[in-house]
Amino acid sequence: RKEVEQDPGPFNVPEGATVAFNCTYSNSASQSFFWYRQDCRKEPKLLMSVYSSGNEDGRFTAQLNRASQYISLLIRDSKLSDSATYLCVVTLTGNQFYFGTGTSLTVIP
Amino acid sequence: NAGVMQNPRHLVRRRGQEARLRCSPMKGHSHVYWYRQLPEEGLKFMVYLQKENIIDESGMPKERFSAEFPKEGPSILRIQQVVRGDSAAYFCASSPRVNTEAFFGQGTRLTVV
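For the protein sequence lines, the chains are A and B, in the order given. Counted the way my numbering counts, the first sequence spans residues 1 to 109. Counted the way my numbering counts, the second sequence spans residues 1001 to 1113.
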């Protein structure tokens, strides 16, 4: 079983739409959680950390549900520049980062 | 504070040659991770190192691949006797402490011809 699972999409949404991604993780001992974004053939870049209390950064909101072992990312008022692959990341006690395979988002004019 | 630096950005090797990929972590970061990404696929963990120690190499093939992070100098990922299947983007990331976010270099794109 994979450590982190994501719906690969693709998600195609119009500008201004709200879109949500979910990610599930298998190990209840997982310690830290992040969302990264990766543009085509470039390096992943940290989008935001995910905290148990939930956190918001502008149009982006991340939630963590430890009981159900899932993480979510909500993007409001989608922009063309949001088009990318969004990677869910989980760490375990050994500090290894486990990446999901990513969810592809295309925002359409 | 410069980001994670990887070189070379592009590397072409003939089958059977050796490939050496370098990664200089961000200043103050002592944790280094190497990942491989095949075309149209996700990031696959290879190895996690701290200064002079390999912490977890469970994702690295047992043969031909090795990694080090010496006391001085960059981390090196070495691939001996490369084969076509080694063609991929190799990303390095670093973090300052356990369970904190990691920052990625721009990657080395290895092409084996």
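Derived by calculation from the structure, the hints in this document are not laboratory data. Note that CB positions come from ideal geometry on N, CA and C, so glycine has one too. Warning: the hint list may mix true and false statements.
Unchecked claim - Per label pair, the in silico range of CB-to-CB distance: (1) B:Lys1051 to A:Asp77: 38 to 48 Å; (2) A:Ser52 to B:Glu1068: 28 to 38 Å; (3) B:Thr1100 to A:Pro14: 32 to 42 Å.
Stated by the list, open to error - Which bits of chain B does chain A cover? Going by a derived footprint, with three or more residues having C-beta under 8 Å, they are: (4) 1032-1041; (5) 1068-1081.
Said to hold, decoys possible - Result set (BS3-like, lysine-lysine): computed pairs, CA atoms no more than 25 Å apart in a straight line: (6) A:Lys45 to B:Lys1027; (7) A:Lys42 to B:Lys1044; (8) B:Lys1044 to A:Lys2; (9) B:Lys1062 to A:Lys45; (10) B:Lys1071 to A:Lys42; (11) B:Lys1062 to B:Lys1044.
- Task: May I ask which of the numbered hints given earlier this structure violates, with the numbers listed in increasing order?
- Result: Of the numbered hints, 5, 9, 10 do not hold.
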